[in-house]
Amino acid sequence: MRSVATEPPPPHPSPKHRRRSGLFIGAFLLLQFLAPLTYLTRNDAADDRFTWRTFSPPSGPACETSASLETFDGRREELALHKMIHRDWVDYVGRNRRVVVEAFLRKQCEAEGVLEVELTNHCEDDSRIREYRLRCGGERSHETTRTAAR
Amino acid sequence: MKPLTRYWFGDVALARPYSLVRFVLTMLAFDSWLNLMPHGAKYGVGGFNVAHFPVFGDFIPSAPFYLGVLAFTSVLALSQALYRPHRIALALVAMGYTLGWTCSLLDSVAYHYLVSLYLGCFVFFPMLSARAAFSRSDRAPRGSAWAYVLFCVTTAIVYFYVAAWDAADGEPYWLPMVCSGAYLVASMQDRSDSTAVLVTMPFLGVAPIAFHWLTPTESWFPIYMIGIAVLVFAPARWIHVAGRTLTFPARNWLQDQSEVGIDERASQVFYASLAGLVTAPVVSMFVDLPGVKTGCALTAIAMLFVIGRQLYLTPKRRPLWRVVSLFGGCLALWITMATSTARFDYYRSGAIDADLRGDHDAAALMREKAERYRR
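Protein chains in written order, with my numbering: chain H, 488 to 637; chain X, 22 to 396.
Hints in this document: simulated from the structure, not taken from any laboratory. Just to be clear, a hint being listed does not mean it is correct.
Taking lysine-lysine pairs in the DSS-like style, the calculated list, with each CA pair at most 27 Å apart, reads [unchecked claim]:
| id | chain 1 | residue 1 | chain 2 | residue 2 |
| --- | --- | --- | --- | --- |
| 1 | H | Lys-570 | X | Lys-63 |
| 2 | X | Lys-63 | X | Lys-390 |
| 3 | H | Lys-570 | H | Lys-594 |
| 4 | H | Lys-503 | X | Lys-390 |
| 5 | H | Lys-594 | X | Lys-23 |
| 6 | H | Lys-570 | X | Lys-23 |
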């Protein structure tokens, strides 16, 4: 005859098991409480990951982006971003996402003979122009913000 | 027992953790196939990537890598939902899923991070069979499940921060705050026989349902959260009755009946399981997406690891059912791909992007495949 008996429930945890579980619970909860608070210390206001500020995918770009590089022989070349990276990355750059801007500038510096890379965001919402300039070999790009001429 | 100990280690209706694991794993699988895979073509384009964490360094995930990770995670997740979950498999699902979004900022959807936290909790859930979670009587089996309480508190923290940011922005925040409070007390409902508690709890569950109903997003996030709210707040008796009905075959027909002929059956199970593990990933050959074959083959290897010693030490059919669940996962992937626009979307977006970059040969190949899968 087929058995249809119920299996016993899992045993109650021992004091030792409870202590270990308690440590895990504490660490897990601490991580969850602290992760969103790091937003308050971030330099990049566009970076709201792990904060529960929004559950929607990132919106479209707020700025129109152009980029150029200067070579050691003094030539200046315009860069066609859409031909170089995926449009989602272009959108990130257009939202002034600092970590992506930095990575893009550093990537352009990998090419031979590049002296400096510049990226400009013309932002419509606050009528500002943000410029990021990286001298190849440097650690971090220099950012300048100015109001667009009307 | 101290109040805090009672809060974390007190009894809950086992039908809840049982159903939650299966619901989230099933959602994860179909969410990956229908919403994530179609966007996979953008990975690795132009050799550019920025990961969520610096630990990835200069690693650039390609489209086959991303789809492979998704295939591995989703097929393993569904196989765990179909048959009794295994802790190692759940840990692999959690790691695979987390790798999938952490490797690139291209996936910056907030709820993927939440699903990773949930999967982390699942690893410590009691690994329940249908027979342990549902009884023949009307009384739902109860037991200690601290990871389930952690799951509820994790959800409460999420709503707390939603309310906090809303308050900071000067927007109404009472609804997410009610959701947060509701999840904090949700796990205590199964320990009380008080009529007031039993009546109040389902009403508290209306808060998260209303919240997600009123703030729809394009993603499947509201479906996840409404489903979770139903399983956490519905009266235990309802979950028990529904679960008992749905798991009737698993509790009665799929169990091992006898221990006779141990040696002969053990060898049959051994060879059948091995054959199944080898042939299950073959199904993925029909999916025709880069990386999926490798992902499914890795799932079979992971399943072999999960079955482990059971494969040759037990006369029971448990290894065989695990292989059947793997088959189920691979078949579901194939059927989903064949009946949806996921493949068409993948190849079409890849073709558009290749055209933009001036790679017209790749674009032509992608377009040809997109045409093949147009629905």
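Status of the hints after comparison with the structure:
Distance restraint check for H:Lys-570 and X:Lys-63: the Cα-Cα separation of roughly 13 Å lies within the 27 Å cut-off, and the hinted pair is therefore satisfied. Distance hint between X:Lys-63 and X:Lys-390 is fulfilled; the C-alpha atoms sit about 16 Å from each other, no more than 27 Å. Only pairs whose Cα atoms come within 27 Å are accepted, and H:Lys-570 paired with H:Lys-594 is accepted, the gap being roughly 14 Å. The straight-line distance between the Cα atoms of H:Lys-503 and X:Lys-390 is roughly 58 Å, outside the 27 Å bound, and the hint therefore fails.
Between H:Lys-594 and X:Lys-23, the direct Cα distance comes to roughly 57 Å. Violation of the 27 Å bound is thereby established for this hinted pair. Distance hint between H:Lys-570 and X:Lys-23 is unfulfilled; the C-alpha atoms sit about 63 Å from each other, more than 27 Å.
The structure does not agree with the numbered hints 4, 5, 6 stated previously, though it agrees with the rest.
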